[in-house]
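Using the sequences plus the hints, can you model the full thing?
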Amino acid sequence: AQSVTQLDSQVPVFEEAPVELRCNYSSSVSVYLFWYVQYPNQGLQLLLKYLSGSTLVKGINGFEAEFNKSQTSFHLRKPSVHISDTAEYFCAVSVPGGYQKVTFGIGTKLQVIP
Amino acid sequence: DAGVTQSPTHLIKTRGQQVTLRCSPKSGHDTVSWYQQALGQGPQFIFQYYEEEERQRGNFPDRFSGHQFPNYSSELNVNALLLGDSALYLCASSWTGPNEQFFGPGTRLTVL
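Listed in order, the protein sequences are those of chains P and Z.
Count the first sequence with our numbering and you get residues 79 to 192, in order.
Count the second sequence with our numbering and you get residues 608 to 719, in order.
Just so you know, these hints were derived from the structure itself, not from any lab.
Nothing here was measured: the structure is a model prediction, and the numbers come from that model.
Subject to a maximum C-alpha distance of 30 angstroms in a straight line, what follows is the list of computed DSSO-like cross-link-like pairs (lysine-lysine):
hint	chain 1	residue 1	chain 2	residue 2
1	Z	633	Z	620
2	Z	633	P	136
3	Z	620	P	179
4	Z	633	P	127
5	P	179	P	136
6	P	136	P	147
7	P	187	P	136
8	P	179	Z	633
9	P	179	P	127
10	P	147	P	127
11	P	187	Z	633
12	P	147	P	187
13	P	147	P	179
This is the structure we're talking about:
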């Protein structure tokens, strides 16, 4: 079975500062990795995904993540955050051929401070 | 394209009752997955439907059941509701294969 650990439940950061949201996963097989964002009272929106190939993945809204197989990590980064980035961010994993069952972490609340 | 739609938006039930939640997938998608998101938690996979069959199931009791219709829309049914079933229920649709899942806005279920 796969699991995801998001190391920070809340991350406060000042506007225009850089941010990193940490994610580690556990799996005995190769995986697909995702980051989703959830704004208040809304569903989930995909920020970016890693399926294969380049380990640096660029997503929407200026976010990027790097897949590190040796450290089983998939940290999310943004060089300069905006107030509108305040939301909850979920790291998730699925298994190739696993019919897209996605296992989510518990989420990290990003609070951007003006 | 309306994206993934879910109904109702909110629902209040009492313990022991039964509830049906509905989901219409994004146009062109043939696979529907359901997730339960309890307050302060990440979404938990309930089950997935493809070609009107339950293809995969998470660790949820048989009180949770579903259906997929020929037009790919889907229903989630929960019987004998418990207080612990209070959560946001999310529907996600996709094409079969390693494709992005598109999520609906969810149905907020409150069990009193």
